[in-house]
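Going by UniProt numbering, the sequence shown opens with residue 1, and the numbers climb by one from there.
Source of the hints: derived by calculation from the structure; they are not laboratory data.
As the structure is a prediction and not an experimental result, all values here were calculated from the model.
A couple of the hints might just be wrong.
Label-pair ranges, simulated between beta-carbon atoms [claimed, not checked]:
1) Ser415 x Ala349: 47 to 53 Å
2) Gln376 x Val405: 23 to 29 Å
3) Gln204 x Glu241: 52 to 58 Å
4) Gly314 x Thr51: 14 to 20 Å
5) Leu387 x Gln171: 48 to 54 Å
6) Ala394 x Thr356: 53 to 59 Å
7) Pro483 x Thr51: 20 to 26 Å
8) Lys257 x Asp508: 23 to 29 Å
9) Gln171 x Gln455: 30 to 36 Å
10) Ala394 x Arg108: 27 to 33 Å
For glycine and all other residues, C-beta sits at the position ideal for the given N, C-alpha and C.
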Amino acid sequence: MTTIPSPSDIRRLAGELAKPRQDIETAFVDAGARLSEGAATLNKLTKLFDTLPQALQGETVSAAGDHLRAVATKAGELSDAFTQEKADLARLVEVVAAASAPISDLRRTVKMMGIVSVNARVTAAGIVGDSDDFDVFTTDIATLSDSASQTIQQFAQVYRQLTTEVDRAAQQRARFEASHAHTLSGLAGSLTDTIAALDAQRDQAAAGSAETGRVSRQIVGRIGGAVMALQVGDSTRQRIEHIEAGLDALADILDGKSTFDTQLPADEHADALAAISALEQAQLADTSSSFAGEMADAEQSLAALAADAEIIMGRSKDLYGSGSGKSSTMSALGAQLRKAVDILRDFEAERAKLETVARAVQDTVQTLLGHVNAVQEIEANMRLVSLNAAVRCAQLGPRGASLTVIASQLRELTSETVVAAEAAMSRLDESSALAGAFGASAIGDGAGQVGQLEQRANLALDLLSQLDKQMVAALNLLNSDGPKVIAQLQGAANALAGQGALSETMDDVRLQIAALTDAPLPENRSEALETIMNGLRRLYTMEAARAAHAQLFGAANTPEPAAEPAAEDEFSDFML
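Between the sequences and the hints, there should be enough to build the whole structure, so can you do that?
This is how it looks when you write it as structure tokens:
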């Protein structure tokens, strides 16, 4: 005869399942919440970085590249022009210096004119006294000589100013060149490297976008797998609840209570014990087996998801961040471009000085030309005076021989004055032409074009700054939220740690249930017992539970209630 266990022993077994059921419910809810938060944040980050390859391939970066190429090309041209200007300025110094010799001759000649004019006055006074007829020797020659001396002094003074101005310009250019010897050529090279780096990043972003898309799709699959795996928590909870309900029903039967509105006679309690214990053993065995497999899948899915998230975030930092991943590569390009703008501004200022020198040289040469005209006018007057002196000497006869010599000397000196002045001006005219040439170059290539280059560089800087802000914002969000995503996904995996012990608990309870009776499954069940078994069948919401029941007791004779609708999948709309 089968020994009937006490109802309290049956309820104790149900109680042993209640605690782990509650724990698993809490653990899976926590894991689901962490997965939801991590997946949502990861989705936001992935979408944000998905826009960056498009931005790098867009018109903004293309326009910035065009501006950079224009600046690089013109910087190279300016470097060549600056080298030519150096040669022109050196030639200008040489030409201006070359005018020194004829100007010295000019001053010497005028000095000699002064001496001769004094001799003329003294000699004339000794021969003819204070006669008005010989004012040409006593007054006119001296007046013209003094005028020539003043004119030449002014000429020499202006020339000294010109020499000082040109020498100062050459010294300033030499000092500037000492500190900026290869600045423009270096700028052209660095900008070329910058353009190459920008193009390389665009190519890397395009190539990396495909790989990122692959990992993103893989993450979608991982999340879907994790969501499906986490459903084992709810299905296991429901099945354990149904097993608890079955054990509670068995305890009520053994306690003489009505079950499913059915009172089972005491002589059928042994059959009920055998039937229900066999049923719950089968349910526990199936639930334990399913749970163990699904738990392994869930932990694996969450761990793989965390790993994929770490990979995709690391790749994003590598593609769009600097070495530390804390700043955008556009920041480095922007800093270089700002330096380029400063360099261009320095060269513009230096070339503006050259333009000033050019104007000063041309103005000075015009002033000197006026003095040369004055010398030529003096020379013409001196010739008239010399002619008048010759007439007067002829009147004196032999007494005027010495004055004739003096008049001849004055004519020669006057001619030498004009020759020396013209020799000096031939050099200075060349200096004016040189100044005009590089002055025009400074005007053409300098302020205007350098200003345009600076404008284009600033346009490129503005365009790259906009992209930089977008990339920095993405990197900042990645640096702030990336670790949270990893922590959330790892936390979801950790929340399930230790839940595998539930399988052991279910196996232990199953063995205890098996020990309740060794009676075989009753082949002929009373109508009352069949009603109770059908009542237990109607509790099931999982197809696996119905299948386990049917394997022992056959298919249901009445339609089964519809399965409880699955909880709304909060990840169903998740897309990367």
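Cross-check of the supplied hints:
1. Ser415 x Ala349: 47 to 53 Å: 48 Å, holds
2. Gln376 x Val405: 23 to 29 Å: 25 Å, holds
3. Gln204 x Glu241: 52 to 58 Å: With a Cβ separation near 54 Å, Gln204 and Glu241 satisfy 52 to 58 Å, so the hint holds.
4. Gly314 x Thr51: 14 to 20 Å: 19 Å, holds
5. Leu387 x Gln171: 48 to 54 Å: 50 Å, holds
6. Ala394 x Thr356: 53 to 59 Å: 57 Å, holds
7. Pro483 x Thr51: 20 to 26 Å: 22 Å, holds
8. Lys257 x Asp508: 23 to 29 Å: 27 Å, holds
9. Gln171 x Gln455: 30 to 36 Å: Holds, at about 31 Å.
10. Ala394 x Arg108: 27 to 33 Å: At roughly 31 Å between Cβ atoms, Arg108 and Ala394 fall inside 27 to 33 Å, so the hint holds.
In terms of the numbered hints stated before, the structure departs from none.
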